[in-house]
Amino acid sequence: MKKIIVGPLTRANNSSSVEVTVEDKRVVDARCSGIFFRGFELILRGRDPRDASYLTERICGICSAAHGTAASFALEDAAGVRPPRNGNLLRNLILGADFLQSHIRHFYLYSLLDYVRGPNQRPFIPGYTKGYRLHGKVNEAMVEHYFQAVEISRLTHKLLTLLGGKAPHNHGLLAGGSTVSPAADILMDFGSKLRKIIDFIKNIMVPDTLTLAEAYPDYYEIGCRAPNLLEFGLFPRSEDDNERSFPGGVIIDGHPQKLDSSAIREHLKYSWFTGNSEPRHPSRGRTEPDREKEGAYSWAKAPRYGGKPMEGGPLARLWIRGDYRKGISTMDRIVARAMEAEMIGKSMEGWVEELQPGAPVFNAFNVPREAEGAGLTGAMRGPLGHWLRIEKGRIAHYEIITPTTWNFSPRDDTGQLGPVEEALIGTPIEDENEPVEIGRVVRAFDVCSSCSVHLIVPGTPVKETIIVP
Amino acid sequence: MQGKTNHKLLEQLIPRLLKPRAGESRPPVIWLGTNTCAGDMLSLLNSLDPGYRSLLTDLIDFRYNYLLGTAEGDMATGILDETMAELPGEYILVVEGTIPTRSNGLYCVIGRRNGEPLTALQAVRELGASARYVVAAGTCAAFGGPYAAAPNPSDSKSVQAVLERRVINVPGCPVLPDWLMGTLAHLIRYGEPELDDLNRPKLFYGETIHNLCQRRHYFDNSIFAKKPGDPWCMYKIGCKGPVTFADCPYRQWNSEHLSWPVKANTPCIGCVSPEFPDGDMPFFEHLPDVKLPGIRTTADRIGTITGVITALGISGHMIGSIVTNRLPHTLKKGFSGNGMLQKLLKKLR
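In the order they appear, the protein sequences are chains Y and V. Residue 1 is where the first sequence starts when you use the numbering used here, and the numbers rise one by one after that. Residue 1001 is where the second sequence starts when you use the numbering used here, and the numbers rise one by one after that.
No wet-lab data here; the hints were simulated from the structure. Don't take every hint at face value.
Said to hold, decoys possible - To spell it out: a stretch of chain Y is covered by chain V in this simulated footprint if at least three of its residues, at any positions, have a beta carbon under 8 angstroms from a beta carbon of chain V; those stretches are:
{"no.": "1", "segment": "2 to 12"}
{"no.": "2", "segment": "44 to 58"}
{"no.": "3", "segment": "121 to 127"}
{"no.": "4", "segment": "153 to 164"}
{"no.": "5", "segment": "177 to 184"}
{"no.": "6", "segment": "356 to 369"}
Just so you know, even glycine gets a beta-carbon here, dropped at the ideal spot from N, CA and C.
Sequences are here, hints too, so could you generate the full structure?
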């Protein structure tokens, strides 16, 4: 038995830490720890509810539009306002562009170097020396595509800039709609850039994932877990939000079910938060730290749906929609992400067509004095929820459950492992000194610790204990 | 105008700056991510000329990059020790993110050393001590930013606040790629750029958004937007342009100079400012929120006091100085070493 700790797990949107126990060259136990402590939910209290969309974007640089969207939905829910038709389409385009940015950067900049040898220069060296299966021209082409991906991902951020003024942390996502009137020149620019991005995804990125799949077919058998999948629904088809392009839904042990967000509970037994009481729904969630808590090992809470650990992300979305049901594994996650990027690109072209120049983009509204709202959306890495309560016109309670909290969660009150932990069990480790396999399994989930937002209540003393990175 | 000239100058400089002078090698750069959303590194990737590839092959030796480096675990942390031992006084340290100081910095652990956690606080202090230059990339690293907002749950501080030496502040949430690339290019080719009293390169942060704004004539003629999405002056729906020093209106985002928040019909929220976000909120209100509800206690003071100053700045500007244009100068002084804001910030942080 040997313990391996990968910390920092780099090439993720902020480093996290993974500890595995290896026996007979296989992972027999795994623990995922969040190492980030900021307290966004506490920072939000007392502020103007309209500020939440811009402020929560700052949780995460790679998926900021998803937070802006969830925050907008939450306030619209509380205020009872809907965006105009153009407003909904513009927001879909902004979020869609950020999806393309995130998926392209994740595959090429974060994930690829687990499978492909980078150029012989920093920061691609040092790195592991073994386990790379692509050689010669194939490897070279992949490296070339890496740098092309940098260029193309810049274009994705330009789409955000065209409609939101800047990227990341754009200004185009707010309750009530969006802000840039879709004039012909902007749409032409947007459409032309989008076309280049779509061509890249279709002709380079999707084939590259298939090249990886051919060279690493065993990764269809690695990182597997039961089909327990969750999605809140992505891209409202219309301003009424009666239906979403990627529908929300739940798969429990392979069986599709209707989404019921009241079935969500946050467990705290293995998280450094007080309270071993009944797990709570996020609208009534509590964030009180207890770093000394016996047996706990992560700052992430453990959200469960109907008591089950749920996986979110492109694979879950495509599975729920019925577009991809090959398997639940490391390689399936990678392939599904590229497929989803292609599908979103295509949808975006349709939304550009639907925009009506001259029609309104924003509906003004009054912030309610007392109200509650929930903003649920699909985000790049899975289901994202913002729960908001307004008292005296100000934010009284704000709770955020990010996709990474679902995917990277620790054990729950009943001892069930979190999804990444489940997926790690059984992973073969060829060389304990170069455990490249761990990163492959974890990164396929596109873990993002920037989005582990739960934090500490100020004034509560925190004992000086070692936080395993 | 100053800003425009600077913009053009930079465009001319960068291609020439790509190659170090004969006999010089690319300077080693360590890019540390501390308590951050990674938005500043992602923003740097948006640089057009030079792009990321040229940056790596022509301009710098990117020894450590928490987001994009291949190495993970102890191998990654080892690069930091190796660089400090082998190249003291030679490498440029770029820090992205705030530095949590609570519990000796354990709120942000960036890796392990000898099996023990290596905190961001410790790493910044050690690496900062023997770096040739220290650059704070983005508002978090430069001034604290959103994670240090009240009640600042992690007691996060700016890089300058935890280092004895001078830190070059390149703020922005995120930092605009040109600002950072331009600062790096200047450091490599010409040494330290001219800095203001908050150690920001004057090249990029020398003038207010308000003075450079394309919609300034709407302000002068009192044509104001009533809601986000209106194509007029954003002043009455919360624009912090009058108290924000950056060249966004000229330079625009991102590298292709496409747009910026006011062009997108939304208020500037002052994301480059030392008081961001507390002193700039609510984002959509004409005057900052000086009456925060009693939920927050002592840390409230930061938000309140800087908020009052922003409020004074904006309303003072409105009342007295439109014609004479004197207030921005007073205000700039106010941001400077002898100014009231600077003193207050010092006291508070």
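Consistency of the hints with the structure:
1. 2 to 12: Holds, because 7 residues of the segment 2 to 12 of chain Y bring their Cβ atoms closer than 8 angstroms to Cβ atoms of chain V.
2. 44 to 58: holds (count 9)
3. 121 to 127: Answer holds; 7 residues pass the 8 angstroms Cβ test.
4. 153 to 164: holds (count 8)
5. 177 to 184: holds (count 5)
6. 356 to 369: holds (count 4)
In this structure, none of the earlier numbered hints is contradicted; all agree with it.
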